[in-house]
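**Q** So the chains spell out like this:
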Amino acid sequence: MTATDAALTWIARLTAQHGPLMFHQSGGCCDGSAPMCYQRGEFKLGARDVQLGEVGGAPFYMGGDQYELWKHTDLVLDVVTGRGAGFSLEAPEGVRFLIRSEVCAV
Amino acid sequence: MKYPRPNTAGSKLNYESRYDNFIGGEFVRPAKGQYFENLSPVTGRPFTEVARSTAEDIEKALDAAHGAKAAWGKTSPTERANVLLKIADVMEQNLEVLALSESWDNGKPIRETLAADLPLAIDHFRYFAGCLRAEEGTVGEIDHDTIAYHFKEPLGVVGQIIPWNFPLLMATWKLAPALAAGNCVVLKPAEQTPATILLWAKLIGHLLPRGVLNIVNGFGIEAGKPLAQNKRIAKVAFTGETTTGRLIMQYASENIIPVTLELGGKSPNIFFADVLDKDDEFRQKALEGFAMFMLNQGEVCTCPSRALVDKRIYNQFLELATERTQRVQPGDPFDTDTKLGAQASNDQLEKILSYIDIGKKEGAKLRTGGERVRLGGGLEDGYYVAPTIFEGTNRMRIFQEEIFGPVVSVTGFDGFADAIAIANDTLYGLGAGVWSRDGGIAYRAGREIQAGRVWTNCYHLYPAHAAFGGYKQSGLGRETHKMMLDHYQQTKNLLVSYDPKPMGFF
Chain P
21 MTATDAALTW IARLTAQHGP LMFHQSGGCC DGSAPMCYQR GEFKLGARDV QLGEVGGAPF
81 YMGGDQYELW KHTDLVLDVV TGRGAGFSLE APEGVRFLIR SEVCAV
Chain U
112 MKYPRPNTAG SKLNYESRYD NFIGGEFVRP AKGQYFENLS PVTGRPFTEV ARSTAEDIEK
172 ALDAAHGAKA AWGKTSPTER ANVLLKIADV MEQNLEVLAL SESWDNGKPI RETLAADLPL
232 AIDHFRYFAG CLRAEEGTVG EIDHDTIAYH FKEPLGVVGQ IIPWNFPLLM ATWKLAPALA
292 AGNCVVLKPA EQTPATILLW AKLIGHLLPR GVLNIVNGFG IEAGKPLAQN KRIAKVAFTG
352 ETTTGRLIMQ YASENIIPVT LELGGKSPNI FFADVLDKDD EFRQKALEGF AMFMLNQGEV
412 CTCPSRALVD KRIYNQFLEL ATERTQRVQP GDPFDTDTKL GAQASNDQLE KILSYIDIGK
472 KEGAKLRTGG ERVRLGGGLE DGYYVAPTIF EGTNRMRIFQ EEIFGPVVSV TGFDGFADAI
532 AIANDTLYGL GAGVWSRDGG IAYRAGREIQ AGRVWTNCYH LYPAHAAFGG YKQSGLGRET
592 HKMMLDHYQQ TKNLLVSYDP KPMGFF
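So the protein sequences, as listed, match chains P and U.
Under the working numbering, the first sequence has 101 at position 81, and the numbering climbs by one with no breaks.
Under the working numbering, the second sequence has 445 at position 334, and the numbering climbs by one with no breaks.
Looking at chain P on its own, in the form it has when it is part of the complex:
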């Protein structure tokens, strides 16, 4: 799990604004298949959520079932211009976090 410089800049900016952050990878429709960024502790983790790593000081999680299907890929957190993202913190800023992936050897 890594992050691009642009994503790290936004994490720093959002951290200054909202305090410590966390990410949870979403699945499903609309704004899904993309990471959600919250104030740390906002999203209650479950017993089967897996922490994949840390980006810009923010822990990054994914549901356990989803992790099983993703674990052969390295994830790179990036950011693009965008509009709308569930309850993710970056949306009002006109940007959207996005995951890019590389195949890795598990």
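If you are wondering where the hints come from, they were derived from the structure by calculation, not from laboratory data.
The model shown is predicted, which means the values in this text are computed figures rather than measured ones.
Hints may be right or wrong, so weigh each one.
Taking lysine to aspartate or glutamate and the EDC-like style, the derived pairs with C-alpha atoms no more than 20 Å apart in a straight line are [as the list claims (entries may be wrong)]:
| id | chain 1 | residue 1 | chain 2 | residue 2 |
| --- | --- | --- | --- | --- |
| 1 | P | 91 | U | 536 |
| 2 | U | 472 | P | 88 |
| 3 | U | 471 | P | 94 |
| 4 | P | 64 | U | 365 |
| 5 | U | 472 | P | 94 |
| 6 | U | 472 | P | 98 |
Given chain P, work out where chain U should sit, using these hints.
**A** Just chain U now, with coordinates in the frame of chain P:
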């Protein structure tokens, strides 16, 4: 035929420069006076501004809704049903302008909004008007003198959070049953597509008592969260994705209120070998069924984004299906000949391209498409993607995650059991398709697939009166059916004794 652009000579669609929230029967400025630009994905350019609301605006809407709930909840079913019928009539009279707005705000082709989004929404109001008139409580005879009456009562004030893929239709799926059941509503449209429902509120707002319907616009974190977490709502309905779905359940658990959730899928579309037995109408229908992954640019929770094809016909079927797919290319959504429009937003476009990228890196074979398309004529910055077919295996990420674009991942299966195993090897269970000339095979497959809706020898039909909702991580509740009324009602039991004799305990 090509419709003129909004706000140009001859256009029926003329947006105002700015839209406020609809609260208590009137349009009111957001408390903080902030607005956000609303872009059209057709051109990638802004066309109006919409209220950027915060918790204060949600509270104001809840005040209005709570002020209206006692009277609205006690109106007769006839009265409420008649209001829904009038809403449907006004929508029908304004079908073209609402359809144009849905196309402009979401990017979908006008062909679809004219023929599907709007007619379905109109019919939905009429359907729930009918359901309400036909609804009855029950009477149970516990014994000769003890009677259990069951009355249906509205929940009160409910919160609804609407997605951007079918903005007006998805709002209707939630509003029609909620209003029919006698609830007042605070609704937050998607920030990607807020425009049409505001035009709609201007047209139909006067038909409802003040405060029964309230529309508050803004971002999820600023307006959606204070709604979903609010102690003054009795239920929350959401369509979207799994992480926000979990968050909404978490908020609902703080207030111990019910939720209904529709969270998407990765729907299998299964083609058994006999679909190619004859070169006839049914073969063409099955190929059309494959091509349905392009409907609404793939931005449908039930997009048939996994095609499972019997290995005995795999090559021939995929050749025919590829040819059928390649006939469709993205075009101007305002042209009635266009079958594939623009993706709804830039981040949606980027996400689709990122999945095409991982598909290639995982070794899936790109059969056609796989790239952004730049159209001319002022559409250069619109968000267009070529219809894309991948071949691979079901454990690849492009087979397991919703891409929400015109992208289908195809794999072969070896016999009935293998087809069902692949179909069910997914976290989701919203939709599925089964294609066979053999009714027995189709029936057994439909019963074995863990999904809430199995289209059998058809796909992407959304009539009212056929229940729609998910198994597994696809959500909770069933929409587009009278059973949705139950999701917006309490059951009141009066347990009544008509026996004058003491009960005999004390």
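**Q** Compare the structure with each hint and give your call.
**A** Hints and how they fare:
With a C-alpha separation of about 16 Å, the suggested pairing of residue 91 of chain P with residue 536 of chain U holds against the 20 Å cut-off. About 18 Å separates the Cα atoms of residue 472 of chain U and residue 88 of chain P, which keeps this hinted pair within 20 Å; it holds. The straight-line distance between the Cα atoms of residue 471 of chain U and residue 94 of chain P is roughly 15 Å, inside the 20 Å bound, and the hint therefore holds. As the CA atoms of residue 64 of chain P and residue 365 of chain U are separated by approximately 12 Å, the hinted pair is consistent with the 20 Å bound.
Taking the CA atoms of residue 472 of chain U and residue 94 of chain P, the gap is about 11 Å. The hint holds against a cut of 20 Å. The suggested pairing of residue 472 of chain U with residue 98 of chain P holds, with an alpha-carbon distance near 18 Å, which does not exceed 20 Å.
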